[in-house]
Amino acid sequence: MLYSNWSLNHFTAYTRNPQLRRTALFILGLSRGLSFTAHNVFDKSPQSHVTAFVQGNRLNKIPTKFELCTILNSCAKTQNFRLGSQIHAQILDIGFDQNLYINSSLVNMYAKCGAIVDAMKVFNGMEFHDQVSWTSIISGLSQNGQGKEAISLFKKMLRTQIIPNCFTYVSVISSCTKQESVSKCSELLHAHVIKLGHESNKFVISSLIDNYSKCGKMDKVVMLFEACIIKDSILLNSMISAYSHNLLGEEALKLFIKMHKENVSVSEHSLTSILDACGALTVLQQGKQIHALVTKTGSNQNTFIIGALINMYSKCGNIDEASHVFDQTVHKNNILWTSMMSAYAQSGRGLDALKIFDHLVMEKEIDFTPDHVCFTVVLTACNHSGLLEKGVDYFEKMRSYNLAPEIDQYACLIDLYARKGDLESARKVFDEMPFEGNAVMWSCFLSCCKEYGNVELGREAAYKLFELEPCSPVPYLILADICGAAGLWNEVGNIRKMMRENGVRKCVVGWSWVEVDNEVHVFSVGDLSHVRSDDIYLELEKLSLEMMSECSKQYNILISES
DNA sequence: CTAGGGTTAG
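Under our numbering, think of the first position of the first sequence as 12, with each following residue one higher.
Keep in mind that the hints are not guaranteed to be accurate.
[Unchecked claim] In silico SDA-like cross-links for lysine to any residue, where the CA-CA straight-line distance does not exceed 25 Å:
#1 Lys461 to Asp442
#2 Lys225 to Glu462
#3 Lys431 to Cys482
#4 Lys343 to Gly125
#5 Lys159 to Asn135
[Stated by the list, open to error] Distance windows between CB atoms, simulated:
#6 Lys408 to Lys159: 26 to 32 Å
#7 Tyr112 to Leu414: 36 to 42 Å
#8 Lys166 to Met373: 43 to 49 Å
No lab work stands behind these hints: they were computed from the structure.
Note that the coordinates shown come from a computational prediction; the quantities given were computed from them, not determined experimentally.
For every residue, glycine included, the Cβ atom is placed at its ideal position computed from N, Cα and C.
The task is simple: from the sequences and hints, build the whole structure.
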């Protein structure tokens, strides 16, 4: 028998399933020597490679290893798992199963089709590895949301003789970005990159910019960006989303205008990021102009863009326009339903958000399966409307959808209890959940302890935060507040002393100012949520995009060292 | 002689 165990596993799996029996027979047919000729494969689209392959099969020609590589590549691009695995069977039959090029293509093909287990099997079955095969599996894991595994394989690679190249670093850096807890990796990997001389590779820079921006290290982001000589559209998009992500919408808009002026092609990625920035700045006028641009470029059915439009309109206080955009969407999917619920929750209409959710899960005809993000939105909606019991119910409901609560949903649960004043139950969740509480969670909890004057729990939360955020004065100040309110003046004195001893400065929130028409407007950088649009952005809203770029020289934004 | 891996968006 020519088949290895591996292909037999596949084959039997197919024959057991009546719907896949035809595929099974096809595999058998291929393995008996059917083949293909690829006509003019080099100037055709992946889909026409696939067609050529299937046609060529009928001509009984045995494909060369080069042709097999090309066709596997096309299967990867078109996510054609069926054909890809059939070709795999043929490869085993012909005996190319230890060819490095073919195996790397196989790993890539399976990974791109989401069959990461099969990709791992191929990878583990390889006798020798090189840079490409390592990178294929690392990027495959990263793209399939298994950042942790990608990083651990990277570490394994470092212990071999094979030195990672710039392709590998791009994948590893983006895995780190997706894994929240490993923000410390940024500098380390950056150092690797410099040492190996990849610091001017545009892919590496884009992924590093993304990584630093997600960790809030904007100084590094700007440094990298400014060192770039050629700024292509992806780099600019990474930069725009970095600015948006770090509440620097102003900078994001400026860059977008510059990009538009210099005729750098505006992609759907750029539009999504810039809509985010408009939402964060609550500049409705600019948001509307981007909406016009979306319509003009025909991107008005792209899920990411629609989601961003809904978000932008709701942040700008225009919930009706948000729901109008949603209504005009032809294919409403999970992401968009969730965006719409989130829009209602953000606009203080939590009950409307819950109404949508209840409707969706009731209606059997609508294709909707709630995921983690969706439950976060539902729980947030409960929180904003003060619905403790309902929130706890929804939390319990997650399990009926086979969803194990993640840290975000636990954070919502803690918030629900704490805001209602049930601090003991909230505290219990910290112990019961399978995660370590992070700074955001403890900060929320601490604020609630202050609200309800609970010294004991407040003290515990503050001490946790001293460890988690050693530079932040906020927990010191809140704890001092709690103790002051309880008349514990000795402890207040001690807290002040601790602050001095630990070198924590009282003022860390930066201040910025914007100058428009000779008037100076001042606002805090850290948190813009309390800034009312009519206070500061009134003047900005009057400006059109074109005018903004003309005026940009006047907007000297400075962050003072307080 | 020909072949394989990478970045940005909820």
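Numbered hints the structure breaks, given as an ascending list:
2 and 3
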